[in-house]
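Those sequence lines, one after another, are chains U and W. Start counting the first sequence at 19; every next residue gets the next number (the working numbering). Start counting the second sequence at 6; every next residue gets the next number (the working numbering).
Hints are not guaranteed to be accurate.
Unchecked claim - Residues on chain U that point at chain W, a partial pick, calculated with CB under 10 Å: (1) F153; (2) T158; (3) V350.
Source of the hints: derived by calculation from the structure; they are not laboratory data. In this text, a Cβ means the ideal position worked out from N, Cα and C, and glycines have one as well.
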Amino acid sequence: MTYFQKIFDELPEAAFMTDKTHKITALNKQAEEVLNVSYEQVRGRAFWDVTDSSQIVSLLEETVMLCRPPRLTFENSTIIYDVRGRKRFFKVSMVPLVTFEGELKNVLTVMADITMLKEIEQLKTDFFATVSHEFRTPLTSMLMCVGMMKMGQGRLAEFTPKGKEILEAIEEDCNRLLSLADNLLDLSRMEAGAIAMDMDEAHADKMVQAALGTLKVQAEKRNINLVTSVPSDLPVIKADINKIIWVLTNLVGNALRYTGEGDTITVKARNKGTRLFFSVIDTGKGIAPEDQERIFEKYVQGSDGNYSSGGAGLGLAICKDIVEAHGGEIWVESEPGEGATFTFSIPVFRDY
Amino acid sequence: MTKKILLVEDEKNIILGVKTCLEVADYSVEVVEDGEKAVDFAVKEKPDLILLDLMLPKVNGFQACQQLKSMQETKDIPIVVLTAKTAEEDKERALQAGADSYMTKPFRPEELWQEIKRFIN
Chain U
19 MTYFQKIFDE LPEAAFMTDK THKITALNKQ AEEVLNVSYE QVRGRAFWDV TDSSQIVSLL
79 EETVMLCRPP RLTFENSTII YDVRGRKRFF KVSMVPLVTF EGELKNVLTV MADITMLKEI
139 EQLKTDFFAT VSHEFRTPLT SMLMCVGMMK MGQGRLAEFT PKGKEILEAI EEDCNRLLSL
199 ADNLLDLSRM EAGAIAMDMD EAHADKMVQA ALGTLKVQAE KRNINLVTSV PSDLPVIKAD
259 INKIIWVLTN LVGNALRYTG EGDTITVKAR NKGTRLFFSV IDTGKGIAPE DQERIFEKYV
319 QGSDGNYSSG GAGLGLAICK DIVEAHGGEI WVESEPGEGA TFTFSIPVFR DY
Chain W
6 MTKKILLVED EKNIILGVKT CLEVADYSVE VVEDGEKAVD FAVKEKPDLI LLDLMLPKVN
66 GFQACQQLKS MQETKDIPIV VLTAKTAEED KERALQAGAD SYMTKPFRPE ELWQEIKRFI
126 N
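Only chain W is shown next, with the shape it has when bound in the complex:
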């Protein structure tokens, strides 16, 4: 069965790149552009994995991550943070908020596939 990935990202060109990259690897991809919608979507649709940017409008990535990991319905969905924040503190903070993995932008298509395969196959 096709695995469903939720991409939470607000940069349109990154959406294009990441979405295409996932689609050619046969994942189905839904995109939402802020943290609030991410939580709503995840509760309703139960994606197999969430790719989460940190700098998001409304509810930011850290908060969204925390909310998702504190709710029974969504706490088991793996969250891979995709961010341009390179500071060690940010990584620490994201992991503390419950993120399962942390990737620093930019990354190459192979790296993204590899990371996703760690959680779903």
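Bound-form chain U, shown alone:
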């Protein structure tokens, strides 16, 4: 056994090497276990004889052809069934090993077992879904009853002005609890979704229109001007359309919450260099400087309850996750009393 083989065997991850025709030139103990083969048997054989994972084979081809590591993210996990038929998830990485002359000799593939991570993630998603569901049931009867009392429908109750104020407060907080439950559910879906971003060709104007759909009515009701400025000839971006719409909806929803009658909310998109910039500009009460950094963190709310979504401050944190997953950035500019501008950028071209 060579010194190299010894080190190789000591790696915690499954690892193997293949030459440029994908013949196996080295394979460690963990890989023997994962692929359910022995090195003696498979040495010198083509990799596709050893496994039916076409994903690994195509990644190997990409690495040899382009002589660079394949573009991989956490999303590209490879599934392999173990001896007992259980599903295991692996994060695969590949490095081309090149001589001084620049000739590709071997490709080193390392497979990290991320099954446990996946399972924990699933547990979390299920847990949030359950919590959200359990919140909805009591909220249904509460909102129903408060709604009817407020209407005074069927002379259910007569209230003094103070009593009406209390009812309003109950309804407001029920709604807050509901949006928290929604946020939790969204968060778990988004985080689970970070594994599977659904990238597609996305048009800025269409996404803005979709995001504003339901919010237009709300703005109209409250006499807030909702203005869009999105040129239709902006470059197409690669993005997860539903997630970007979610971000826009959230930003405009926030702006609606912190503006009043006569205020204006402008949704703008523009192209500068290799990025598209989306801005949501409002003429509301603005954000204190000390809060501007922190509002994108999870579970943080502005010191006076400003600009967070529905109480727990998850909305903006999710926005940040989504924008960053696209390779973009999000930030806010604001002067107290002068309104706020939330802007995020998405790269125009991104090679996946």
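Following the hints, complete the assembly by docking chain W onto the known chain U.
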């Protein structure tokens, strides 16, 4: 004539809220708390509309819906599903089971009235 609505729900406070909401709008409301009783009641009493929760004891909402829509006597009664299940798959499943409409809890009194008016007036 007063329209008769069958509410299939097992949460007592939701029963209180929904029943009151329907009564102030002049509907007559019968409540049963599981899917089995829902089917029995519907066959016997022929309500004008059924409000159906999905998570029910004994026969669940999906099954009850399927049974109601497969029987000659009840297949034309509109079924509005009222549920806290927000996943798209559940909606799909309920519609496939024959539900005429799907409302996610919570909803406001006006929303419930509006939805019911789509089917009976």
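Each hint, compared with the structure:
no., hint, verdict
1, F153, "holds (8 Å)"
2, T158, "holds (4 Å)"
3, V350, "violated (30 Å)"
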